[in-house]
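Asker: Each chain, letter by letter, is given below.
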Amino acid sequence: MAESPFKADIERVQKEYSEKMTPGAIATIPGSSVINKTGSWRVFMPEFNRDKCVRCYLCYVYCPEPAIYLDEENYPVFDYDYCKGCGVCANECPTDAIIMVRETK
Amino acid sequence: MPIRKVMKANEAAAWAAKLAKPKVIAAFPITPSTLVPEKISEFVADGELDAEFIKVESEHSAISACVGASAAGVRTFTATASQGLALMHEILFIAAGMRLPIVIAVGNRALSAPINIWNDWQDTISERDTGWLQFYAENNQEALDLILIAYKVAENEKVLLPAMVGFDAFILTHTVEPVEIPDQELVDEFLGEYEPKHAYLDPARPVTQGTLAFPAHYMEARYTVWEANENAKKVIDEAFAEFEKKFGRKYQKIEEYRTEDAEIIFVTMGSLAGTVKEYVDHLREQGIKVGVAKMTVYRPFPVEEVRALAKKAKVLALLEKNVTFSVGGALFQDFSRALINESEKPKIVDFILGLGGRDVTFKDLDEALAIAQKALNGEAVDEVNWIGLRKEIL
Ligand code: SF4
Ligand code: SF4
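Quick note, the sequences are listed as chains X and V, same order.
Those letters in the first sequence? Residues 1 to 105, by full-length UniProt numbering.
Those letters in the second sequence? Residues 1 to 394, by full-length UniProt numbering.
Check each hint, because a few of them may be wrong.
[As the list claims (entries may be wrong)] Per label pair, the in silico range of CB-to-CB distance: (1) X:LYS20 <-> V:SER343: 55 to 61 Å; (2) V:GLU220 <-> X:GLU92: 36 to 42 Å; (3) V:GLU227 <-> X:SER40: 27 to 33 Å; (4) X:ILE29 <-> V:GLU90: 25 to 31 Å.
[Said to hold, decoys possible] Result set (SDA-like, lysine to any residue): computed pairs, CA atoms no more than 25 Å apart in a straight line: (5) X:LYS20 <-> V:ASN156; (6) X:LYS20 <-> V:MET219; (7) X:LYS7 <-> V:ALA216.
[To be verified] Derived coverage of chain V by chain X (criterion: at least 3 residues anywhere in the stretch with Cβ under 8 Å from a Cβ of chain X; other residues may be distant): (8) 94 to 100; (9) 211 to 223.
Derived from the structure by calculation, the hints contain no laboratory data.
Every residue, glycine too, gets a C-beta built ideally from N, C-alpha and C.
Please take these sequences and the hints and turn them into a complete structure.
Answerer: What follows is the structure, encoded as structure tokens:
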């Protein structure tokens, strides 16, 4: 699997994010959303079938997190650190290349 | 030259807002404070106040708009009372947590049910744990002055907390008194322009306000609100001193009246202090050693001043227009906390009175005095006493 394009951001924010509490707990460095991993509360996860995918990128555009990025061949890749399992991508996919399956650990 | 005008506390609050020059006022009308936004909207419409007046559909939105505007970096103001303040409740925590120096004028009014539009302090007292600073005005002049002082304290870098100024429904909100309107130049000097250093909108400095805090940070964030309240104690004293120097009117967290050699000190807040001062004058003529302590600042709770006050009397008789169930009044709880570990302490007797606009008369105060005198003589008395209660209809 391709490496998350957020990796550099995560490292930067983790390094730069001030440990000092600001008045009002204001986050003064943008990018705190990348260190707060939102994938942990997922119940259903998207399962991707590469053979059915026509690379229309509707899933990529609609993902509200966004937890979908593209690999070298421009196929969607799901970042489960941030995918919250909302199912929007599966609903939007015109070819049923994405189906939601119950998360099992 | 300052001008003197005869006005209601509601108008005094609107004048204070005008003098403080907020950039955004968002308000929803509610009895008894409706006149505050009405008067301010006149100031704005007439071009006397350069501000955005946002008409909202509820108090929840009024305070939300103030939070938004304050987070963008401008001075804001709103007014409310009773259920309106209660409707703001969840946002009050957010304003304090985000350390936004918003000021609210509150026409202190009872809470439903039953529906009651008249005065007691249950509305602001119920918000005492939100982190907001709380001031209580005895008269219309104090309503104006304390709003200016509230801005001064709220915007101090060591504080950065929102503040509410309470003045009693109808007793003050709708009653006219001469009020001195200070010179604009002096107020400008006193307050200065609000220059936010932590919360403001700037595309060159993107920040996230009102963030999510995981358990690793939440407690520290809450502690900073506690710390800011502690810092406010000194900043309030400084603001009072500067106000006195500029405008000649003296304020103290606890104002004492005839407490020298007093055996019983009545402790109260707001307009009731005026009545009790009269009452104490009347008792002093009869040689009864009593005094009054008026809480001008209720949050942060002036623990040190309360301890100093307690050294002066044998009995502290708390007169309060609010109820904390199974406890008595909120002041009773706070005074108990302040004195619990003191080696020598006076007896504290709590009196609940004047709820929902019930007039507090000398007859009621006689009833309280009789109980306080019993306590002074070492007789057993109830810790909590409801004064003027119509037991015959229960
Ligand atoms: S389930 Fe929701 S969050 Fe996860 S990849 Fe699909 S659209 Fe994004
Ligand atoms: S919406 Fe479906 S078909 Fe389109 S790119 Fe995403 S997975 Fe492929």
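Asker: Please go over all the hints and tell whether each is borne out by the structure.
Answerer: Status of the hints after comparison with the structure:
no., hint, result
1, X:LYS20 <-> V:SER343: 55 to 61 Å, "40 Å, violated"
2, V:GLU220 <-> X:GLU92: 36 to 42 Å, "41 Å, holds"
3, V:GLU227 <-> X:SER40: 27 to 33 Å, "32 Å, holds"
4, X:ILE29 <-> V:GLU90: 25 to 31 Å, "28 Å, holds"
5, X:LYS20 <-> V:ASN156, "20 Å, holds"
6, X:LYS20 <-> V:MET219, "13 Å, holds"
7, X:LYS7 <-> V:ALA216, "22 Å, holds"
8, 94 to 100, "holds (count 4)"
9, 211 to 223, "holds (count 7)"
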